[in-house]
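> In case you want the letters, here they are:
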Amino acid sequence: MKPEHQKDSKTSVNEVQKLPNIIYLWLGDKIFSVVVVLLGISIILLALGMAWVLLDEGGLALREFGFFSFVIGTTWDPAVQLAFGAWPFFFGTIATSTFALLIAFFPALAVAIFSAEYAPRWLAGMIDNLIQLIAAIPSVVIGIWGIFVLAPWLRDSIYMPVYVWAETNAAGLLPILGNPIGYGMATATIVLALMIVPYTTALAKDAIKSVPKEQREASWALGSTRWEVMRMAVLPYARGGIMAGAILSLGRAIGETMAVAMLIGNKNTLPFSIFGAGATMPSVIVNEFREAVESLHLSSLMAIGFVLFLIALVVNLTAAYINRKLSIGGGQIL
Amino acid sequence: MKSLKRRQIHDRFMVSLLVVSTIAVLLPLIIIISHVLIEGFSALNVEFFTEELGSPSRAIQGRPTGLVHTILGTIVVDFLALAIAVPIGIGAGMMLSEYPEHMLNPTLRIMNDTLNGMPAILKGLFAFVLIVKPMGTFSGLAGAVALSFVMLPIIARATESALLSIPWTIREAGLALGLPRWRVVLSTVMPAAKTGLVTGILLAFARAAGEAAPLLFTSFGNNYLPDRWYGFILNPVDTLPQRLYSLAISPYEQWHSMGWAAAIVLLLFVIITFVIARFLTRNKMQQA
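Line by line, the protein sequences are chains A and B.
Numbering of the first sequence is given in this note's numbering, commencing with residue 1 and proceeding in unit increments.
Numbering of the second sequence is given in this note's numbering, commencing with residue 1 and proceeding in unit increments.
Extracted from the complex, chain A is given alone in its bound form:
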């Protein structure tokens, strides 16, 4: 496409014929590329804008308390003192999501191994579809199930018996266990674990599937049993992808909002106990944002949003880094 060259032609007949072509070829391509690039840039601007807006809106609180004092501050009192510190929510978020990942990781890995390596094709397809279905269930639907079915059941058949046992046998444990009301840290953690299983499974399965066939065949040829092939040839090779998947799932758990807000019991002061109520960063935003009237309160919630943004960013970048470092070629380093 060299429109300049065509413009230069002197014959008037050619000029008339080529003009629409210039518009059609040259201008059309220009417009197309400009529009497409502008749309692409708008996504870049959105991501940057989100960080900037959260920082800007949270600025009032961050200036008032200072960034680090805000993050490690333990008082959250929107009513009397108007003092805001994010530590209870920071702690609640990290605690619930880490334990959720610990609970979910091995079952999820087992499902991934089973459906990738053991199950016949029809069964593997069915398991995959079911797992994806769990991922598709809206968070609020799991939340309403948690409120009316899971939490009462956990309270009656697990928390209460444990609590009653501890009352007579180990009174020292009681403050750690907390009130077995059913809505609290433990329930939120269990539901979170349930919700991140599909992500961990899907990503682990991708990693296992990407292990080359030769790797397995070499191990078979050495006389390994099926499990030994898995453990010695496949899993070490897929390690990077599996770990990266686990960390991405952790990111999911950290940002999960509705189910946690419905089940965690919402308590803004430390210490949190195992069965007792707690709060996470997303849950406190959901619970207080609509009612916040003081500008400092509103700004503090936005600042929590900014801290949450930073955590999610770090988690995602870490996952990308691990995936690059530990997978395939990089796997030999460790």
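Treat the hints as calculated values from the structure; they're not laboratory data.
A portion of the hints provided could be inaccurate.
Said to hold, decoys possible - The calculated label-pair distances, taken between Cβ atoms and stated as ranges, are:
(1) A:F106 - B:R7: 51 to 61 Å
(2) B:L280 - A:P120: 18 to 28 Å
(3) B:I38 - A:T318: 40 to 50 Å
(4) B:I38 - A:F106: 29 to 39 Å
(5) B:T50 - A:L270: 42 to 52 Å
(6) A:S42 - B:F79: 14 to 24 Å
(7) B:V19 - A:V149: 40 to 50 Å
Cβ coordinates follow ideal geometry from the N, Cα and C atoms, glycine included.
Using the hints, position chain B against chain A.
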């Protein structure tokens, strides 16, 4: 080296462990779905689809209440979000696949993944600052913008991989015929990648339709039908996920059962979208 016998026993043991874990993971899913189906269907009735919610006293006194305004609001907000997200998402995906040498592409990819990894609630806060604050009121439009932030990165990524799955030879054939690049993309690559594009859009839609967190601060919620049609866009609007949340945490018994009804409608809405998307990909794979 352990004896062969012991190794085989170990092997069997691990297989059974895998099977047990798989069942343990899938069991809760079946329990959740069956609870929602049982409770939801017993709570569904005709009024649910024809009446508006009104005040709590309406439900307590046993007068007919329903969520017709919520269902309409959900449709308006979700499709408005789709209308915002599809052009931008497809454009960004095109930039990644059709201009692979563009210098902004690595940045775009990172930013898109960042946006995708961000908790939905932050997108709600962002839309609150962008739309609700300047407008001075919660609105369906703000809700749609918040949901479009949820859809955007998914659509962009799906578009990129759908367009990249079309071989370069097709583009070269078009260019060799003298077609300009934009015609090649719009008239040959896009139609060829149609299934992949639609699947990506449907998955993004299913994901966004279940989100409640971004809607709480943007479309806010409303117990009544708006007076005029544009009330759905410019005034606070009810949407299923957000209404489901409000019903579930409300203190009224009647509203709880209505919450279950809302749960089943929402679940079916999301799952049907999801299943259509899966079905499309499956057909595509059979053709290939």
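> Now tell me, hint by hint, if it's right for this structure.
Quick rundown of the hints versus the structure:
| no. | hint | in the structure |
| --- | --- | --- |
| 1 | A:F106 - B:R7: 51 to 61 Å | violated (22 Å) |
| 2 | B:L280 - A:P120: 18 to 28 Å | holds (25 Å) |
| 3 | B:I38 - A:T318: 40 to 50 Å | holds (42 Å) |
| 4 | B:I38 - A:F106: 29 to 39 Å | holds (31 Å) |
| 5 | B:T50 - A:L270: 42 to 52 Å | holds (49 Å) |
| 6 | A:S42 - B:F79: 14 to 24 Å | holds (20 Å) |
| 7 | B:V19 - A:V149: 40 to 50 Å | violated (26 Å) |
In summary, the numbered hints that this structure violates are 1 and 7.
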